[in-house]
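Based on the hints, put chain U in the right spot on chain V.
There are 2 protein chains.
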Amino acid sequence: MLFSKRENILRNEVAIAVVIGGLNTSLGYVDRKGRCLARATIPTNAHQPAELFFERLYAAAKTLLDTICEKCDIVGIGLSAPNANYYTGTIDYPPNLSWEYVDVFAEINRFYHLPIAITNNANAVALGEKLFGIAQGMKNFIVITLGAGIGSGIVANGEVIYGEDGNAGELGHTIVDLHGRECGCGRRGCLETYASDIGICRTVQELMCDTNEPSDLRFVSSEDLTLRIIYEAALRGDRLALKAFEYTGNILGLKLADSVAHLSPEAVIFYGGSAMAEDLLFRPTKQSLEEHLFGVFKNKVKLMASGLSEETGAIIGAGALIWNDLQKERYMDKSHQHRKILSE
Amino acid sequence: MLFSKRENILRNEVAIAVVIGGLNTSLGYVDRKGRCLARATIPTNAHQPAELFFERLYAAAKTLLDTICEKCDIVGIGLSAPNANYYTGTIDYPPNLSWEYVDVFAEINRFYHLPIAITNNANAVALGEKLFGIAQGMKNFIVITLGAGIGSGIVANGEVIYGEDGNAGELGHTIVDLHGRECGCGRRGCLETYASDIGICRTVQELMCDTNEPSDLRFVSSEDLTLRIIYEAALRGDRLALKAFEYTGNILGLKLADSVAHLSPEAVIFYGGSAMAEDLLFRPTKQSLEEHLFGVFKNKVKLMASGLSEETGAIIGAGALIWNDLQKERYMDKSHQHRKILSE
Numbered sequence: 001m002l003f004s005k006r007e008n009i010l011r012n013e014v015a016i017a018v019v020i021g022g023l024n025t026s027l028g029y030v031d032r033k034g035r036c037l038a039r040a041t042i043p044t045n046a047h048q049p050a051e052l053f054f055e056r057l058y059a060a061a062k063t064l065l066d067t068i069c070e071k072c073d074i075v076g077i078g079l080s081a082p083n084a085n086y087y088t089g090t091i092d093y094p095p096n097l098s099w100e101y102v103d104v105f106a107e108i109n110r111f112y113h114l115p116i117a118i119t120n121n122a123n124a125v126a127l128g129e130k131l132f133g134i135a136q137g138m139k140n141f142i143v144i145t146l147g148a149g150i151g152s153g154i155v156a157n158g159e160v161i162y163g164e165d166g167n168a169g170e171l172g173h174t175i176v177d178l179h180g181r182e183c184g185c186g187r188r189g190c191l192e193t194y195a196s197d198i199g200i201c202r203t204v205q206e207l208m209c210d211t212n213e214p215s216d217l218r219f220v221s222s223e224d225l226t227l228r229i230i231y232e233a234a235l236r237g238d239r240l241a242l243k244a245f246e247y248t249g250n251i252l253g254l255k256l257a258d259s260v261a262h263l264s265p266e267a268v269i270f271y272g273g274s275a276m277a278e279d280l281l282f283r284p285t286k287q288s289l290e291e292h293l294f295g296v297f298k299n300k301v302k303l304m305a306s307g308l309s310e311e312t313g314a315i316i317g318a319g320a321l322i323w324n325d326l327q328k329e330r331y332m333d334k335s336h337q338h339r340k341i342l343s344e
Numbered sequence: 001m002l003f004s005k006r007e008n009i010l011r012n013e014v015a016i017a018v019v020i021g022g023l024n025t026s027l028g029y030v031d032r033k034g035r036c037l038a039r040a041t042i043p044t045n046a047h048q049p050a051e052l053f054f055e056r057l058y059a060a061a062k063t064l065l066d067t068i069c070e071k072c073d074i075v076g077i078g079l080s081a082p083n084a085n086y087y088t089g090t091i092d093y094p095p096n097l098s099w100e101y102v103d104v105f106a107e108i109n110r111f112y113h114l115p116i117a118i119t120n121n122a123n124a125v126a127l128g129e130k131l132f133g134i135a136q137g138m139k140n141f142i143v144i145t146l147g148a149g150i151g152s153g154i155v156a157n158g159e160v161i162y163g164e165d166g167n168a169g170e171l172g173h174t175i176v177d178l179h180g181r182e183c184g185c186g187r188r189g190c191l192e193t194y195a196s197d198i199g200i201c202r203t204v205q206e207l208m209c210d211t212n213e214p215s216d217l218r219f220v221s222s223e224d225l226t227l228r229i230i231y232e233a234a235l236r237g238d239r240l241a242l243k244a245f246e247y248t249g250n251i252l253g254l255k256l257a258d259s260v261a262h263l264s265p266e267a268v269i270f271y272g273g274s275a276m277a278e279d280l281l282f283r284p285t286k287q288s289l290e291e292h293l294f295g296v297f298k299n300k301v302k303l304m305a306s307g308l309s310e311e312t313g314a315i316i317g318a319g320a321l322i323w324n325d326l327q328k329e330r331y332m333d334k335s336h337q338h339r340k341i342l343s344e
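Chains as they are written, first to last, in this note's numbering: chain V, 1 to 344; chain U, 1 to 344.
The shape of chain V in the complex, shown without the other chains (with noise of 0.2 Å):
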């Protein structure tokens, strides 16, 4: 009897689950199943202070709150944006956004006295995959999240690597060639610069340049360039298009062999963005991991595509920080209780 009712409990607890973006921020509650009750957008509005943002961000969740049915309990706060560090709970120098500094854990705990926990985004979408999507049950693992830029997050022995500053798992600013492309960063070369969907219009430049192969692509400017069109191109035989996917493939591999060499991960999971374009990405990634790979982790890597929807990923994601650190929590506490009992 007091089992259901504690399951009657822990039915209605949810999570505010917030993933700040660029131009909009997505909030939502998410259950301790990983399943997303409410969701709502608001602009992000970063040329306006942030604390006027976190006003906006309260109001909205409370107006949210109202359209579940259910009674909730809050259990706690995660947040996803970028450059947001799990240890000192501020946003610092975000790209895209102007605010210069946020102290995230200050601003929200104007409204709530709860657990807060921040990270970025792909670190919140590894531990998103780890307790509700594809990796539930794995230790190792890597998350690379493919869209305007990449991210990546890093578990190992069943915890998101931080590392020293909170900054690990930078995969997208490892380096392809030293004298290649110019990044965003200020240096030239980074991964990023190839495998994210712009680094594939970049190719696509790149190959119209260097190659006479007839293509649609080549009506399309360069603005106009988008990786949905260099898709639907390929899915037509486009061989410039196919091209594209082979090139950014191989390279995409052949980083991911250093990754492996350094993690031994059981598997690398692609999130979002050119994660769509499935086996045009995957295969040639594929073959160029297995060709790079160092000996003994050959034939043991799986590459898999995300778990998580694309719509609700990166909020259940960002929930996905408060469950992990409840769970953890909880682990103690019933190991307390167990060790309490036996010891009476």
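No lab work stands behind these hints: they were computed from the structure.
Among the hints, a few may not be true.
[Claimed, not checked] Computed beta-carbon distance windows for the label pairs:
| # | chain 1 | residue 1 | chain 2 | residue 2 | range |
| --- | --- | --- | --- | --- | --- |
| 1 | U | GLY307 | V | ASP177 | 30 to 38 Å |
| 2 | U | GLU213 | V | GLY158 | 49 to 57 Å |
| 3 | U | GLY307 | V | GLY184 | 37 to 45 Å |
| 4 | U | HIS179 | V | TYR101 | 40 to 48 Å |
| 5 | V | THR226 | U | SER221 | 54 to 62 Å |
| 6 | V | SER309 | U | ASN24 | 52 to 60 Å |
| 7 | V | GLY158 | U | ARG188 | 33 to 41 Å |
[As the list claims (entries may be wrong)] Derived coverage of chain U by chain V (criterion: at least 3 residues anywhere in the stretch with Cβ under 8 Å from a Cβ of chain V; other residues may be distant):
| # | stretch |
| --- | --- |
| 8 | 150-161 |
| 9 | 172-186 |
[What the hints assert, rightly or not] As a list, the in silico DSS-like pairs of lysine-lysine whose alpha-carbon atoms are at most 30 Å apart:
| # | chain 1 | residue 1 | chain 2 | residue 2 |
| --- | --- | --- | --- | --- |
| 10 | U | LYS328 | V | LYS139 |
| 11 | U | LYS328 | V | LYS328 |
| 12 | U | LYS328 | U | LYS62 |
None of these values were measured; they are calculated from a predicted model.
Even glycine gets a Cβ: it sits at the ideal position worked out from N, Cα and C.
Below, chain U alone, put in the same frame as chain V:
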């Protein structure tokens, strides 16, 4: 009274530490403070069956134990060897050893019924640095062992990263140049072919071919050339030798920038071989690392020389394998006892 008695018992606890090398095997007794109380060397003779080796090892360990004045309790056996796997307790196709597969746990269990822990040399040294060396108190660091090859041991969140299969931390086999130097592993352009002792010798050969730089090293045959000879030439101001260290440091720094992007360590610690080259290699490595680091990591990562002596470091690392496991167990035990007392 009870406490001092306990202390007294602890003082005599030792781990047997074994370091299997291609030619020779070192063994020693390492106490809980990381002191090597006695050590010896036996030929590995890997052309003979592994069981003969373990019989000789047991005999040598027994003889060596008698040389220690105090009475000792052996708490476990820590062993490092090429391709030794922490998870499986086996050595699989070790390079430079003709054994194909050795079940180390089974072999040692013939003589001792004690905890056994095995791993490769670089991981053992990483634990040695963490428990007894320069990484005491660090939670995130990388050890690079420089020698005939390049090994690495990664510690993140305070734990050695073994990865899914026990083989994580193969930084020597990350790729510098796809079309570069032939590596013993069958691929081309691995870091090891540039930054190991032999790699630096190869660089001298390359510089002798590519430049007209006069150098004493031109009078040394390729077979006779060693890192020590290059080091001594560099100390005399030999420009070709100096260039070889610059070149090596550039490449090492570049690849370490990738490692930092993965792991954001507090420090990268060099052990053995060319770590002796100190400033000759450190300065260009540090410079190249800082030059190639992603912005957020700049001026944060320490490059350090090992805190373990080159003579006994590997032995102490092998011993640390056992002491680290026991520390974890004792910690669990302590917290158990503490809780028991609290709940009584």
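These are the hints, each one checked on the structure:
1. U:GLY307 / V:ASP177: 30 to 38 Å: Roughly 36 Å apart at Cβ, these two residues keep to the hinted range, so it holds.
2. U:GLU213 / V:GLY158: 49 to 57 Å: Check passed, 52 Å falls within 49 to 57 Å.
3. U:GLY307 / V:GLY184: 37 to 45 Å: 39 Å, holds
4. U:HIS179 / V:TYR101: 40 to 48 Å: The hinted range 40 to 48 Å holds for HIS179 (chain U) and TYR101 (chain V), with Cβ atoms some 44 Å apart.
5. V:THR226 / U:SER221: 54 to 62 Å: 59 Å, holds
6. V:SER309 / U:ASN24: 52 to 60 Å: 58 Å, holds
7. V:GLY158 / U:ARG188: 33 to 41 Å: This hint holds: roughly 35 Å between Cβ atoms.
8. 150-161: Satisfied; 5 residues make the cut.
9. 172-186: holds (count 6)
10. U:LYS328 / V:LYS139: This hinted pair holds, its Cα atoms lying about 19 Å apart.
11. U:LYS328 / V:LYS328: 18 Å, holds
12. U:LYS328 / U:LYS62: 28 Å, holds
Checked against the numbered hints above, the structure violates none of them.
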